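Protein chains: 4
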Amino acid sequence: MIAVIRQSATTDQLDHFVAWVEAKGLKTNVSQGEDETIVGLIGDVSRIDPFLLESMDIVERVQRVSEPFKKANRKFHPEDTVIECRGVKIGGGNFQVMAGPCSVEGKNLIEIARACQKAGATMIRGGAFKPRTSPYSNQGMGERGLDLLVEVRKELGMPIVTEIMDARDIELFVDREIDVMQVGARNMQNFTLLKELGRTDTPILLKRGMAATIDEWLMSAEYIMSEGNDKVMLCERGIRTFETRTRNTFDLNAIPVLHHLTHLPIVADPSHATGYTRYVAPMALAATAAGADALEIEVHDDPSNAWSDGGQALTPSMFADTMRRVGLIRDAVTQEVR
Amino acid sequence: MIAVIRQSATTDQLDHFVAWVEAKGLKTNVSQGEDETIVGLIGDVSRIDPFLLESMDIVERVQRVSEPFKKANRKFHPEDTVIECRGVKIGGGNFQVMAGPCSVEGKNLIEIARACQKAGATMIRGGAFKPRTSPYSNQGMGERGLDLLVEVRKELGMPIVTEIMDARDIELFVDREIDVMQVGARNMQNFTLLKELGRTDTPILLKRGMAATIDEWLMSAEYIMSEGNDKVMLCERGIRTFETRTRNTFDLNAIPVLHHLTHLPIVADPSHATGYTRYVAPMALAATAAGADALEIEVHDDPSNAWSDGGQALTPSMFADTMRRVGLIRDAVTQEVR
Amino acid sequence: MIAVIRQSATTDQLDHFVAWVEAKGLKTNVSQGEDETIVGLIGDVSRIDPFLLESMDIVERVQRVSEPFKKANRKFHPEDTVIECRGVKIGGGNFQVMAGPCSVEGKNLIEIARACQKAGATMIRGGAFKPRTSPYSNQGMGERGLDLLVEVRKELGMPIVTEIMDARDIELFVDREIDVMQVGARNMQNFTLLKELGRTDTPILLKRGMAATIDEWLMSAEYIMSEGNDKVMLCERGIRTFETRTRNTFDLNAIPVLHHLTHLPIVADPSHATGYTRYVAPMALAATAAGADALEIEVHDDPSNAWSDGGQALTPSMFADTMRRVGLIRDAVTQEVR
Amino acid sequence: MIAVIRQSATTDQLDHFVAWVEAKGLKTNVSQGEDETIVGLIGDVSRIDPFLLESMDIVERVQRVSEPFKKANRKFHPEDTVIECRGVKIGGGNFQVMAGPCSVEGKNLIEIARACQKAGATMIRGGAFKPRTSPYSNQGMGERGLDLLVEVRKELGMPIVTEIMDARDIELFVDREIDVMQVGARNMQNFTLLKELGRTDTPILLKRGMAATIDEWLMSAEYIMSEGNDKVMLCERGIRTFETRTRNTFDLNAIPVLHHLTHLPIVADPSHATGYTRYVAPMALAATAAGADALEIEVHDDPSNAWSDGGQALTPSMFADTMRRVGLIRDAVTQEVR
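Protein chains in written order, with the numbering used here: chain A, 1 to 338; chain B, 1 to 338; chain C, 1 to 338; chain D, 1 to 338.
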């Protein structure tokens, strides 16, 4: 961490500042410039709040120089992490597609899942516990929904992905050997939940919060990893901006940025990121071209009667068409070009 | 809810659409314009997802016309709600100031609280359970922190406000008769937590999420109220924007907007909304002038050694100065002007 | 346009409102619902300010139902517009790549342009008039820069694209038969400039403003078109959000949304949209996969000594590599999948 | 400027980097930390593009330490600037209110202005040249509007404020001795216009762009000042965020932040910042409490027939009421509190 000291600071003030920093167990490196003096803070800077420094009278600006995420940081772990879910690998060159309905609704799940598998999906998604903006909306099937997913897995032999909203439900998920537990955008900074997921051995799909910076998102991954669970996938699903023609703004820049900063696999969700069926296919292609390790796509056999998010679901036939195109893009991305 | 139908829609398509809506138990009102046909959807529209409608081929645009929040809506409850916390009233003309340290740290709490009380604060705040962006930061004193707050309350006779992060802790809070349970910005859409708080009888201070619209925020209040707890205060604490000179952007517009839309009391937190000690006082005045029913301000006797957020804390003497100015503004706001 | 009337409105108030609307030359269609009354405003609603309606006491909400852009609207012009620049076609299935340095700097222009052409670029870009955030930064070569571009065009036979910042310079551009005049993000709502460009016959590349909604952007295209110049291309170059790991947030969703709303060709600029050389290639691929009709990419032979934006420039060899990958993606996008 | 060098950089790479910086005429100060090496760049860093540095392989992060604005910077000009407009002073403790219609429409101007003056306004505002999102909206009276403003000034003896959109119109404004030339939000980075305004001697009211950071806004002030015109006022009028319940988000934090960073006077415009008549008064009070040096408020005698922005205009009687309240707040702000 670097603190830029105001020109107006006296030598006494600077000495006092240096002493204060050193009392926190850090070393300092003072470098006098023409216009400013710069104090480098060396050691475990996680003990220092940069906002506190910036509020000090003699401090002009503060710059963090090392990232606060460690276990998620590619610097300390240069190799891509490959996560294996019941034999299906994600990351490090392995590309997968998770598909299925927004909500698990009942018997149609197996039909939808079968159609997804036929079209090339390698994992099945479906929500049993549903976070809904309105208390008056359907809140999901709960435990019974998990059981339906397990039946589908048994029948089709595909790993299943489903959202967990409450630490008290972890046992329900672990008992059923749910293959991937998804943390939704609204819970990205539910630190209690993250810590407890970190004590399980199940792969976690961590969605980006609607206003989360990439750094905060990686810190949330760090919460899980710091408790011992290294199997974290990051899922870009759109951020909130001023644009209202789409439900969210799909930040595809995040894909190459994350590949630069972290070794964890990156998933992209064009369904939530656009909010409209008609934009899902082109954005699935774009995410694949940008280098996503996996896609998560909502598919429903009867979108206009879906319990939730029918407006962004593909029908099985649209999904099959999209998968063919995704395959072509994936081939183009992985082809040698010289 | 209104659906605008594309000009290109055939009569058959329109009839099919109307039949589909009516099958959901709603009535329709079709109105043919020169350029567009408008279908009004009448009845319980919470059963219809507007994104689903918009994704239909013949639908151009959808507009919700009634707000989805009911219990929080001023239309159905025109009188201001007044919330009483151990004899201290907020809302409906009653103005209060909650002050204290970001984190409860130990013995200094009583000294800080005493200074706040002397300066005019009427409620004491302090965090025992701390949501921190980094897993490596101090996570708060937990239960022992609650006990320290209870001791302060006993000694000074002031109600206490403290954050709850996990539904499993509710018992700890209720057993100690915590006067106000605060829900942090990151948990504003932790629906599990909201529902369980709705089953208590304790006043709730609901902070706005960093990317939450005013409507979503009111829907989160609705989650609490729909379970039976009507004592909800809304706290504006800044939203996330592109501006980086302050920690957040203080959306003071939200104060008169909320007074227009809801009967619930509005609290403003200039400490988090700015992030810098030097901006807290002017923004406390601005929030008071905009019509806030209460302020929440961080005060620490030794900010440079605070466990958290020292960079935005006022010292007791700065707080006393701010309180004098807030008092003058409050007098100006409530004075008759004719 | 639709106005939703409050339940509390009296019949007199409603009658008064309807009379006021009709006095503006519009017709009305009143439809009484259970909870609300809806007034449809029929006719030339461009005479009515929706914010004015919303501020009226009896009006709850206002919804515009027809888009305010007409000439740019796909509804009234279903076929893709194809723009021809000195024989090179953009749109309607024709895909092009514009490449070259951020600033025209002198003799190296021809070398860079030659390398771009060899790698497959079909148009040359370069800035002669440069909008710079700081008055102390290099402001471009001006007229001499235009001449250098013209020389390059003569030598290589490729159309040239360059930015215009001031209506008084139009003559300089028209005299030299500049093939495409680019309007920068900061001038997207410089309505004076837009109108005068609308009176020329030169194709215009209209960049999206940093905080412009898609609708506002189309209204700016409409400004140009309403004066008679239909040759407008829209260029997505990133919007401003809270994310700071990239210079801007590349809103690739805008590509399919624009294809839905307008018949105009869509260009994507991954250089400005990311701000970092290392992210340009993946985002060029993503934009191509999302359906862009053209790319605009910055290339420099010696980025670390470029006058401007060297941090986002590709070297000629990186550009050649990117072009090979873009070609593969373009093939995948246009391939029949059944 | 500081460059943080990656741990992985070799000594050769570092030496090469240092040589490159020094070849640009800067000095360097290399400081080896445990985890990172930091290179301080000393001298005229405006020659270096921070994005270019960050794109270099061995560079981890770059931090600007001195602000790029010089003439606008309080560091180099600690005293408040006081701007005098025909005898009316703004800044340095002088508080003013500019009021009048959005658009100059004709004869009603004098009536509105007289009512504003009676209520306490000290300057008259009105738009003759109007930037409108739609080419089909009324574009203002132009030159004739300026003449009407001049007549009002003659009659009432008050300075006048009006918007300039095109550098070619400067003569029209200067010939009429317009007292304050306003630059609208959409032109905040119309650098051509800014530079030419910098060559006049007329006070400039520079509105903040909808997506402009405070630093960019100050750089635009710098554009004007660098050409010799020091009389710049900065006007906060709301920024664009995701919130749609108001037209813009009023960033009142900007007021104390600007007072910290610059010596220039700060104006606040609650009319555009909210967009709705009903929120103007509370936000005018809030801006005054936050420390604004002036307010700009839209007043119209018949808002429902105003040419533009009637939805955010106060009637003369609402304005008179607001002025009384503003006066009380201003008294409270300037009162000694000890």
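Hints should not be assumed to be uniformly reliable.
No copy is singled out in the list; a pair is fine if it fits within one copy or between any two copies.
As the list claims (entries may be wrong) - Calculated cross-link-like contacts (lysine to any residue; reagent style SDA-like; alpha-carbon spacing at most 20 Å): (1) 195 with 134; (2) 75 with 8; (3) 75 with 10; (4) 27 with 87; (5) 71 with 6; (6) 195 with 88; (7) 75 with 111; (8) 71 with 36; (9) 71 with 167; (10) 70 with 19; (11) 107 with 16; (12) 27 with 330; (13) 75 with 114; (14) 27 with 151; (15) 195 with 244; (16) 154 with 336; (17) 24 with 147; (18) 195 with 133; (19) 70 with 132; (20) 70 with 245; (21) 75 with 278; (22) 89 with 330; (23) 89 with 67; (24) 75 with 11; (25) 27 with 301; (26) 118 with 155.
No lab work stands behind these hints: they were computed from the structure.
Predicted model only: the values in this text are computed from it and were never measured.
Going through the hints against the structure:
{"no.": "1", "hint": "195 with 134", "verdict": "between (27 Å within a copy, 11 Å between copies)"}
{"no.": "2", "hint": "75 with 8", "verdict": "between (38 Å within a copy, 9 Å between copies)"}
{"no.": "3", "hint": "75 with 10", "verdict": "between (39 Å within a copy, 15 Å between copies)"}
{"no.": "4", "hint": "27 with 87", "verdict": "neither (48 Å within a copy, 51 Å between copies)"}
{"no.": "5", "hint": "71 with 6", "verdict": "between (35 Å within a copy, 18 Å between copies)"}
{"no.": "6", "hint": "195 with 88", "verdict": "neither (25 Å within a copy, 37 Å between copies)"}
{"no.": "7", "hint": "75 with 111", "verdict": "neither (44 Å within a copy, 37 Å between copies)"}
{"no.": "8", "hint": "71 with 36", "verdict": "between (35 Å within a copy, 18 Å between copies)"}
{"no.": "9", "hint": "71 with 167", "verdict": "neither (23 Å within a copy, 29 Å between copies)"}
{"no.": "10", "hint": "70 with 19", "verdict": "neither (28 Å within a copy, 32 Å between copies)"}
{"no.": "11", "hint": "107 with 16", "verdict": "neither (70 Å within a copy, 26 Å between copies)"}
{"no.": "12", "hint": "27 with 330", "verdict": "neither (49 Å within a copy, 47 Å between copies)"}
{"no.": "13", "hint": "75 with 114", "verdict": "neither (41 Å within a copy, 38 Å between copies)"}
{"no.": "14", "hint": "27 with 151", "verdict": "neither (58 Å within a copy, 39 Å between copies)"}
{"no.": "15", "hint": "195 with 244", "verdict": "neither (34 Å within a copy, 27 Å between copies)"}
{"no.": "16", "hint": "154 with 336", "verdict": "neither (38 Å within a copy, 35 Å between copies)"}
{"no.": "17", "hint": "24 with 147", "verdict": "neither (52 Å within a copy, 28 Å between copies)"}
{"no.": "18", "hint": "195 with 133", "verdict": "between (24 Å within a copy, 12 Å between copies)"}
{"no.": "19", "hint": "70 with 132", "verdict": "between (33 Å within a copy, 16 Å between copies)"}
{"no.": "20", "hint": "70 with 245", "verdict": "between (38 Å within a copy, 18 Å between copies)"}
{"no.": "21", "hint": "75 with 278", "verdict": "between (39 Å within a copy, 17 Å between copies)"}
{"no.": "22", "hint": "89 with 330", "verdict": "within (16 Å within a copy, 28 Å between copies)"}
{"no.": "23", "hint": "89 with 67", "verdict": "neither (28 Å within a copy, 45 Å between copies)"}
{"no.": "24", "hint": "75 with 11", "verdict": "between (37 Å within a copy, 19 Å between copies)"}
{"no.": "25", "hint": "27 with 301", "verdict": "neither (62 Å within a copy, 26 Å between copies)"}
{"no.": "26", "hint": "118 with 155", "verdict": "within (13 Å within a copy, 55 Å between copies)"}
Of the hints listed earlier, those the structure fails to meet are numbers 4, 6, 7, 9, 10, 11, 12, 13, 14, 15, 16, 17, 23, 25, in rising order.
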